[in-house]
Each structure stands twice: as C-alpha cells, then as structure tokens.
Amino acid sequence: MFDLSISMWENFSMLIPSRNCKSWKGYILLNAYNVYIEISCPNIPLLDNLKVQIPELEAFHFHQFDLKETVEIVKQKTHSLPEFLKELIQALVKVWKQDTSINLTNFNYIFDDKFHSVIQEVNLYGQYVHTIDENLKHITFNVLDMCKHSHFIKIFIPDEYPMIKKQPLRFETMVPSVSLNLFLKVNTILNLFETFKNVVNELSNFWNVHSEIISTCNTIGSYTFKDVNYRIPIDSHVCVEVEVNPLKPLNCPKFRLHGLPAAIEKFHKRLNEINPILIWRTINSFKENILNVFEVPTLPSQYEEEKPEHYVTSQNDLNCCCICYDQLDMAIKNQTKLCDNEKCDALYHMSCICEWLLNSGSTPMFEHLQGKCPQCEKDMLVALENFDLIKT
Amino acid sequence: MVLKKSIKISLLPLLNTPRLKKELGQLLNKPPFGIKVKVKEGSTSVLEAELHGPKDSPYENGIFKLQIELPVKYPFEPPRVTFITPIYHPNIDSGGRICLDILKMPPSGAWKPLINIEGVLIAICNLMNCPNPNDPLVLDIAKEFKNDKETFESKAKHYTKEHATLVAV
Chain A
1 MFDLSISMWE
11 NFSMLIPSRN
21 CKSWKGYILL
31 NAYNVYIEIS
41 CPNIPLLDNL
51 KVQIPELEAF
61 HFHQFDLKET
71 VEIVKQKTHS
81 LPEFLKELIQ
91 ALVKVWKQDT
101 SINLTNFNYI
111 FDDKFHSVIQ
121 EVNLYGQYVH
131 TIDENLKHIT
141 FNVLDMCKHS
151 HFIKIFIPDE
161 YPMIKKQPLR
171 FETMVPSVSL
181 NLFLKVNTIL
191 NLFETFKNVV
201 NELSNFWNVH
211 SEIISTCNTI
221 GSYTFKDVNY
231 RIPIDSHVCV
241 EVEVNPLKPL
251 NCPKFRLHGL
261 PAAIEKFHKR
271 LNEINPILIW
281 RTINSFKENI
291 LNVFEVPTLP
301 SQYEEEKPEH
311 YVTSQNDLNC
321 CCICYDQLDM
331 AIKNQTKLCD
341 NEKCDALYHM
351 SCICEWLLNS
361 GSTPMFEHLQ
371 GKCPQCEKDM
381 LVALENFDLI
391 KT
Chain B
1 MVLKKSIKIS
11 LLPLLNTPRL
21 KKELGQLLNK
31 PPFGIKVKVK
41 EGSTSVLEAE
51 LHGPKDSPYE
61 NGIFKLQIEL
71 PVKYPFEPPR
81 VTFITPIYHP
91 NIDSGGRICL
101 DILKMPPSGA
111 WKPLINIEGV
121 LIAICNLMNC
131 PNPNDPLVLD
141 IAKEFKNDKE
151 TFESKAKHYT
161 KEHATLVAV
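Residue numbers (our numbering), protein chains in the order written: chain A, 1 to 392; chain B, 1 to 169.
So that you can see chain A by itself, here it is in the shape it has in the complex:
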C-alpha cells in the first residue's frame, strides 16, 4: 500500500489520497490544462469497482464520448492505479484532439500558486487528509491517538495563500484550550498540521483519561475532546465537577461540588478533612480514586440534577394556600391542611390539596387520601371527613 502511494505521488503529485488511500482527489494534466478529478478505488490495489469522476468533462458534452466506457476499457488493460491513470490520460487527450467542439479556453478554472503550494505541503501527510474542499477553501486532517480516537483539525485556506504567509491561519479543532496557544501563530498548513499532530501525541495520556472517565464514571452531559471538566454523580443529589489538567492528567484533579446545600455538606467536610492529593494514586483507576476520595461505595447511575422544587418560588405570604394563592382561614381547621413534615411550611386548602392528590392519581382509601406533599415530597395523609368540601 505504501509503495503504491509513493508511486502515485511520484507520477501524480497533484492528487491527494484519502486517509485509507482508497480515494484520490486533485488535478491531472491534460494537454497543459489541469483538470479536477475524483477517483475512488475501494479494493485497492485491485481495480474492481474503480470509479472516476471529472465534473468539468461532464459539464461539456463530448461528441460520442462516454467517460464510463473509457474507464472500463482502460481498466481491463491495466493492473495498477498509476498505470491506469497514465492510460486514461492518454485516452482523454486523444478524444480532446479529435473533438474540435471543445474549446478549452472556456474552462473557467483558475489554477494558481495556491493549489500548487497547498498540494506540495499536504502531499507529505497525504494519509492524514480526511476531506478536502473542491474549491480548496478548507482542508481537514484526521490524526489517530494511541487509543484509536480520531482527532480532526479543519484548516481554512485563504484565497491569497501562500502569498500572505505572515498571517496566522484560521482553523477549527477540538483540543483542550491550554494546548490551543501553540497553534495561534502558525501560518503554514504544514506547520499547523505538524503542531496538531504533536499535540495529539503529547496529550495521549489525557485522551486515555478522558475516555476512561466517560466510560466508567456515569458522567452527566456530553463531552468533546475540548472539555477538561466532567460532572460525576457521587450521590443521588450531589455531583462533583472534576477538572483534569490535560498536561498532567494522571494527577489529582480539582474538585467542585454541586447539589443541594444540605446534601453536599458532608462531602465538603470530607474534602476539608483529608488531602485528596495524598489519597489519589496513579495506579488506581479514575473511578477507584473518586470512590476513595469521597468515601462512597459506588457512583450512582440515577442522578436527579435539579428537583422541580428548584422552580418553585416560595410563597412568603403567610396564610395563603400554596396551590390557589388565596387566603386561608387557619381558624377553620377542617378546611386547612398542614404538611405532616415539621420542617415543611406548606399550607393548603383542604379542597385544593385533595383535588391535587386525586388529580395526580391517588385514590381514596379508608376515607383517606395518600400522596406526597407538593412542596417537600414527603408522604402525606389527608383525612376525607369533609369530602363534600372538595370543589368539583
């Protein structure tokens, strides 16, 4: 495969292979004109299923010329891709000469320094090319790390390239922001790609940790390779946000606790009592380390991030029903319902709470309605002595 790529580059330096060397895009020379061509050869080095597309030729109608047919004929005669291309070019040139209806000056293609310089730079790393824009506006490279994750960088090529090499190139990629500084002043595609490749290699430990956290720690939310902060549930209502240093990913990360104040208190205490750096061991897995630091047996998979209470604005008005917001007369006991939970200050009209409990699926049993207090979620029991009071 490698030999084939070399021989392709030697003969057709303006063709760029895809990552797996199964398709090629670029330009071939026809009678001193550069024509854009796309070749796909899925069974390389065999030529079965080989397909060729030349959009510019298709736009012009050749008299009595069928590109597909020509490709089939040439395919039968040849045994390798470079050989095939040489033959194909000869065949195309022949048609060109015979068919005077084609006026080549009509081809509105601008072949310039930009293309030449891009091709020369990219050729060195052709196997990393993922996609290349037909108009050469941008090019995307793909580098695999040691765990075979794909890392992409999309580089935008300005129209004046390479004339304005002084300006840094624009690009899009997913790497932690600490590494981005390295890219900022790079002004050639080659240097930018090489920097990217080095960064991907240098961060190989980080990629490992990144995928370990996501696959083992029940993380909340979705993450890209840019992210260094992960939210890991350690309790059904508490999650810890860990911040991993991408340059030292095996070291103890920084912790930040999220959750209801009452629930996170004990973990805060634990973090203050111990020194996590001393507990964190590089030989342990990330999950084991988290379990040790917070002294929890497992990481919960069911995590309730924000209870609906969060959206409930507390009713400061005393003596008002929490449901209908109307005045309550506390003196009339059998018209009011206090929550059974002492810590909860919810207050309801008997009729309002009954209507809610019936609405939310509670059925009367032994003249009582059983359900949960809408404010504190604790079980509550409402006697139905005054069933006739329920609004209908």
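Hints listed in this document are in silico derivations from the structure and should not be mistaken for laboratory results. Note that this is a predicted model, so its numbers are computed, not measured. Even for Gly, the Cβ is constructed at its ideal location relative to N, Cα and C. A couple of the hints might just be wrong.
[Stated by the list, open to error] Facing chain B, from chain A, some residues (calculated, C-beta under 8 Å):
#1 G221
#2 C324
#3 Y325
#4 W356
#5 N359
#6 M365
#7 P374
#8 Q375
[As the list claims (entries may be wrong)] Computed spacing ranges between beta-carbons, pair by pair:
#9 F33/B <-> P261/A: 19 to 29 Å
#10 E194/A <-> P107/B: 52 to 62 Å
#11 C130/B <-> V178/A: 16 to 26 Å
[What the hints assert, rightly or not] Under 8 Å between C-beta atoms, here's a sample of chain A residues computed to sit facing chain B:
#12 T224
#13 C322
#14 E355
Starting from the structure of chain A, add chain B where the hints point.
Leaving out everything else, chain B in the frame of chain A:
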C-alpha cells in the same frame, strides 16, 4: 339548560383567579432576566412569551416565541407550552412540542401545583442550555448531540440565525 352551563364554565375568566392575578402581576411587572410575557390579545387563557436564547448556548442572540395555554384546571394541570419559533433541539420537535418532565402530569411527569408559569419558563431556558439527549423527542438530533456535538451546535446556531433572529429592516 345543561349545555348553556358548560359553555359558561369554559368561558370562565380564568385569568381572574387569585393565583393567576398574582402570577401575572409578577410576570408582567418583574419578569426574570431574558423572559417577556403578555396576555394574548382577545384571550382569557392564552399567554405569549418571548425567551432570549441563553448565553453561551447555540441559541444565543435568538428570540424565541412561545405560547402558553392555561387549562381550565390550572394549577391542577400543567400549562400547555409550545414553541412558535422553530428551534433545533433534541427535546423540542418541529411542531414546537416540548419534552420536559414538569410539563407532564405524574406519575410519568413531574408537574406540581406549586410550580408556576415563571418556573416553567425558567425550566425551558435551562432545557435550551442543557438539552437532555437521554429523553429525546427528536431522535436524530439527540443522536447528533451525543455523537457529534460540533455539528449539532453549528446546525442549531444556523437554525437560530434563520428563524429566531429579527432582521432589521
């Protein structure tokens, strides 16, 4: 006779209940940041809201119109909220329907009469900020959000620009 009575009930001036009077008074005078609410013209049970796309989300700079329909049984039933402005989101479909637990009745949902309209709107803002791909309404978008966040964000941004941005004339 009976028929007349039922018509009368459905036309009940819903917005006149103590609860809605209080809620609306607060929403109209002191709306939370990024939220605007008004009563739909000529209606007694439908509100219209405008949400500003949360900062640092792909919906930033977009203004999203929503319709809030208050059922006769409100607050014993959740308001019916739909997006009028098209939005590209795993939990909101092309008809503007929103998949959010507090908009559904228990036991499958988490609506409680203590949640109010303001709480619902804040929850929707939160949902825009943090989509929940594990409970998707639009499967394709949820998959994309999980596997290719970059594409999701650029599409959502594009959608926002296309549909939710007012073009100065």
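Cross-check of the supplied hints:
no.: 1; hint: G221; in the structure: 7 Å, holds
no.: 2; hint: C324; in the structure: 5 Å, holds
no.: 3; hint: Y325; in the structure: 4 Å, holds
no.: 4; hint: W356; in the structure: 5 Å, holds
no.: 5; hint: N359; in the structure: 5 Å, holds
no.: 6; hint: M365; in the structure: 17 Å, violated
no.: 7; hint: P374; in the structure: 4 Å, holds
no.: 8; hint: Q375; in the structure: 6 Å, holds
no.: 9; hint: F33/B <-> P261/A: 19 to 29 Å; in the structure: 23 Å, holds
no.: 10; hint: E194/A <-> P107/B: 52 to 62 Å; in the structure: 58 Å, holds
no.: 11; hint: C130/B <-> V178/A: 16 to 26 Å; in the structure: 25 Å, holds
no.: 12; hint: T224; in the structure: 5 Å, holds
no.: 13; hint: C322; in the structure: 6 Å, holds
no.: 14; hint: E355; in the structure: 6 Å, holds
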